[in-house]
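Construct all of the structure, not just a fragment, from the sequences and the given hints.
Going down the list, the protein sequences come from chains A and B. Our numbering applies: residue 481 is where the first sequence begins, and numbers increase by one. Our numbering applies: residue 438 is where the second sequence begins, and numbers increase by one.
Fair warning: there could be bad hints in the mix.
To be verified - Chain B stretches covered by chain A per the calculated footprint, using a threshold of three residues with CB under 8 Å from any CB of chain A:
hint, segment
1, 531 to 540
2, 739 to 750
3, 767 to 779
Derived by calculation from the structure, the hints in this document are not laboratory data. Remember, it's a predicted structure, so these values are computed and weren't measured experimentally. All residues carry an ideal CB built from backbone N, CA and C; glycine is no exception.
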Amino acid sequence: MKINVKHVAKLANLPLSDEEEKKFEKQLSEILTYIEQLNSVDTKNVEITSQITGLENISRDDKTSPSLPQDEALFNTKSIHNGMFKVKKVL
Amino acid sequence: MNYSAYSIKGLRDGFKKRQFSSEWVVKDCLSDIKDNKLNAFITVCEKEALEKAKEADKKIKDGVDLPLLGIPISIKDIYLTKGIRTTAASKVLDNYIPQYSATVVEKLEDAGAIIIGKTNCDAWAHGSSGENSDYGSTENPYLEGYVPGGSSSGSAVSVADNMCFASMGTDTGGSIRLPASFCNVVGLKPTYGRVSRYGIIAMASSLDSIGHFTRYVEESALILSITAGRDMNDATTTNEKVDDYESYLRKDIKGVKIGLPKEYFTEGLDRKIKEGIEKEVKSLEKRGAKIEIISLPNTKHANACYYIIQPAEVSSNLGRYDGIRYGNGRDLFGEEAKRRIMLGTYVLSSGYYDAYYKKAMQARTLIKKDFDDAFKEVDVIITPVSPTLPWKLGEKTSDPLAMYLSDIYTVTANLAGIPGLSVPIGLIDDLPVGMQILGPHFSEGRLFQVGQAVEDSGL
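Have a look at this one:
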């Protein structure tokens with residue numbers, strides 16, 4: 481299996497060096513070849529499992545509780561403007 | 438004075454009888470940590486632990502009785518601890534100070550435990566050897582130059598080498614059971630949803646289980662009776678009653694039906710490990726357990742299934758690390774995290790989802806069904822933890838696929854959501870070996886019952 485490392489890295493927002501790109505292409509192809517053995521399993525009409533203990537529609541009590549105060553919420557960031565997180569322009 | 442020979446129960450008795458104080462025990466642990474060269478800790482909480490010990494001693498004097506009052510424990514550095522740096526062993530979080538603690542940390546502190554430090558691990562819990570930490574590898578306490586197993590490497594070592602009396606870890610594909618086996622300690626992976634994940638840095642959310650390391654089975658039962666239960670902050674925790682785990686320790690194993698899955702004892706397994714397990718099983722049989730050979734036919738697909746689901750969920754969970762609200766940029770992810778993010782992003786990308794992730798979730802159903810069917814016939818299943826003995830540091834670091842294959846006997850429990858207990862069965866060629874006991878959902882009490890019998894076998 482061939483993997484387009486540059487494209488996937490872009491999707492994952494992951495900066496990779498040229499050397500890493502080369503190394504990962506080989507390693508990830510090997511791993512993909514290994515996991516593709518799953519193709520031999522007959523899964524026709526088999527349901528998927530995403531929640532293993534079978535819980536459904538779990539909701540918390542509809543009560544409000546205090547959230548983090550502003551100064552605590554901002555405690556770990558280096559990127560503040562007027563008491564808010566400063567982010568790069570999105571649009 | 439050295440307190441390492443004491444069990445948790447022994448320490449509590451000593452405190453009550455004023456033979457020694459929590460402060461003395463904590464000081465002893467801190468000095469052992471300082472002298473230790475195995476790199477088990479990322480952060481040592483010397484000042485906080487000593488303060489807490491003094492408070493505990495005062496409470497003991499006042500007659501306060503709590504199950505872990507004054508007992509020093511360590512916590513994998515992937516649990517948030519309010520005001521104490523939490524790195525997940527990654528430089529991405531090198532400077533991250535959490536504003537709140539994990540539910541489990543609060544429960545342990547409410548039970549009187551003293552957090553002595555945050556333990557080293559594979560970064561983001563990605564690894565089977567403890568070598569993927571951005572803060573250096575941890576080493577096996579039994580033989581120089583060997584891996585302690587991962588990802589909860591420092592937690593296992595901190596208990597095995599007497600730097601504390603219990604340690605919290607996480608197990609997504611074997612990260613508690615494997616290092617427990619490699620370091621000669623007891624390791625529990627509880628049922629998925631038995632223990633709250635709130636405040637613990639997520640790896641693969643449908644698989645992550647929150648468990649612990651102790652030196653004795655009875656201590657494993659004690660810790661679970663504190664950590665288990667419903668948490669409104671984790672919707673996967675259930676209302677299922679928390680069992681009286683310690684009551685199982687004294688039940689004898691007469692009539693307990695034990696299954697040995699033939700798929701776990703095939704050629705890939707080290708012959709000496711196989712013999713060690715057979716000896717333990719014989720001993721259980723002599724004491725009245727009924728042994729049956731069973732089949733879990735989808736075992737051979739489990740690792741491939743796991744290495745799709747897990748990286749897929751990893752890539753999604755690690756998406757939040759943008760370096761804006763906390764932590765550093767994505768360029769600081771280590772090699773293994775990058776590999777898993779890439780693999781996960783690929784299998785979830787447009788056009789591939791059905792072929793990989795959906796297929797794996799279907800295979801997961803088949804693997805779970807294998808166990809459901811087996812547990813109609815037997816009470817517990819016994820298997821090896823690892824196909825091999827601990828390996829040398831550096832031996833598998835350049836071959837990620839070889840490293841992944843060391844998880845083949847442990848990932849099945851995470852895929853099926855069932856509990857697993859790793860108990861020591863002795864040393865082979867100077868290296869520790871563990872045996873895995875698996876049971877149906879919420880059967881931890883039964884695992885402790887069989888685990889205690891293994892501990893008592895005297896082999």
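Against the structure, test the hints numbered earlier, and report the numbers of the ones violated in rising order.
-> none
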